[in-house]
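K.L.:
One letter stands for each residue in the lines below.
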Amino acid sequence: MAATAVAFAAVGVGGLAGPALLIGIGVVAPALAAGLLWKVVRTAGLMSLPLGISALLVNLFLYPGATDALFSIGPLTATVEGLRFASEILLRILAITGAITLFYLTTAPSALVIDLERRGISSRVAFVVLASVETVPAMVERATVITAAQRARGLDTEGSVVRRIRGVVPLAGPVLLGSIAEVEERSTALESRGFTHPGRRTLLWWPGDSGRQAVARWSMVVAVPLLVVARAVGWLGWLG
Amino acid sequence: MLTFESVSYRYAGAARPSLQDVSLVIGSGEVVGLVGASEAGKTTLCLVAAGLAPRTVRGTLSGRILLDGTDMAPLAIHELAGRVGIAFANPATQLSGVAGTVYEEVAFGPMNLGLPRSEVIDRTDAALRALKIIDLAEREPALLSGGQQQLVAMAGLLALGPAHLVLDEPTAQLDPAGTRLVAQALARLAMDGASILVAEQKTDLLASICDRVVVLDAGRVALDGPAAEVLGDPRLADLGVAAPASVRLRRLADAAGASPATLSHLDGALALEATT
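Line order of the protein sequences matches chains E and D. Heads up, the first sequence is in our numbering, so the first residue is 1 and it goes up one at a time. Heads up, the second sequence is in our numbering, so the first residue is 241 and it goes up one at a time.
Because the hints were derived from the structure by calculation, they are not lab data. Hints may be right or wrong, so weigh each one.
[To be verified] Across the chosen pairs, the derived CB separations fall in these ranges:
1) D/R475 - E/S179: 40 to 48 Å
2) D/A485 - E/E141: 34 to 42 Å
3) E/L51 - D/A458: 53 to 61 Å
Note that beta-carbon positions come from the ideal geometry of N, C-alpha and C, so glycine has one too.
Bound conformation, chain E alone (with noise of 0.2 Å):
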């Protein structure tokens, strides 16, 4: 929730003060409580590397009725307004990408998930978003299997973009046959699980919530409309 809101916050605070004071009390203060900055930072980071350069790039150069020139590339002019516009827009990416990577690797996806169950979201919805979530690193794990025995029986893999292009028509048939012939496996397992049993499933346990961090939660959450009003009638002054 908390990460939501600084993501929101992130677009509804405009400026270059406001998302650089996000990022300190939404993502950085609590990645450094958490021992995580580095993490945080490499991660969001990496994240942001390929929207940001071409923000970067597209607004320092092209940012329309710019007058005040920085520099010149042959026909490019890279203006201050631009820079200022892209620095906001790389700021807002980076408040929104640190509270991610920041909520990602401080939740177990199943506590996430049982928590969610316990604040009385259906079973079945829950185990959609954490599957989802499951899904990337088991795809990663069997095209690795797929890739190592198709290397095995001869496949070149390697070498030219070319070469490498050809090699993935081999791997992604098996990969994706062999995901959905598992995910049908994996329901009618579930299913003889009592999955489909109607009715609120026992949880075992919950994630600890104390009073501290619902006040806390609760406050962003009525935070960032607060922020978006205020931006909208300009009561945020050199903020927004």
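With chain E held as given, fit chain D onto it using these hints.
P.N.:
Leaving out everything else, chain D in the frame of chain E:
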């Protein structure tokens, strides 16, 4: 008691039925082995027995399957979950994929049934102890070996406490020690009155745990009788089934012209091997 009355099953789109006119009775406390060549219909019979075909595996079923005298047809799949348990050969697909620990994985079924928390814990503890995997309780299921996953899947099945068990190659990935644990757990369940159907290629295992063995051939029951009689039947090889090592050894000794005293010693040794 699990009863099949003239059961036939054809998968959706299949040219011919995978089961044809199968009639069987698996009594309470009885362990029945199911063998046959590839595509003989073993897995299909397991799916039908567990009520998964045609409920989740599409196809056309004819005949009747009775659970303790009650027709299974009108029962929903979730109503069958606590009554008929099924284990498949591939343990990876039997795991829920959403449990962070083996303990939660084994508890998954009882939790789904909405049983009281204390009962879920009791059942989970008992299942883990029965298969001697209590040490794995805090491990992540996805990181276990195939054999360990198979034991976890079996424990998950035992925790549901079904009166009827259907096992499709439940020891496919197990070492001899794991196989023995499963065999002991099945024997205990049978003593408690469960009716158990085990499809297995390991005829040595069937010889040690089954009261009866059924041989399927092209979807039909080819042989049905006491385990020792069926597994010693010379027609077994023609039906694509390897006889247990004990039977093959006895035949070789016979063919080599072993003396009655030697054969008697051999029978004694094989009987001792089967009980350990």
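K.L.:
Against each hint, give a clear statement of whether it holds in the structure.
P.N.:
Outcome of the hint check:
1. Distance hint check: the CB atoms of D/R475 and E/S179 are about 41 Å apart, consistent with the given range 40 to 48 Å.
2. Here the CB-CB span from D/A485 to E/E141 is close to 36 Å, well matched to the stated 34 to 42 Å.
3. For the pair E/L51 and D/A458, the supplied restraint of 53 to 61 Å holds, since their beta-carbon distance comes to about 60 Å.
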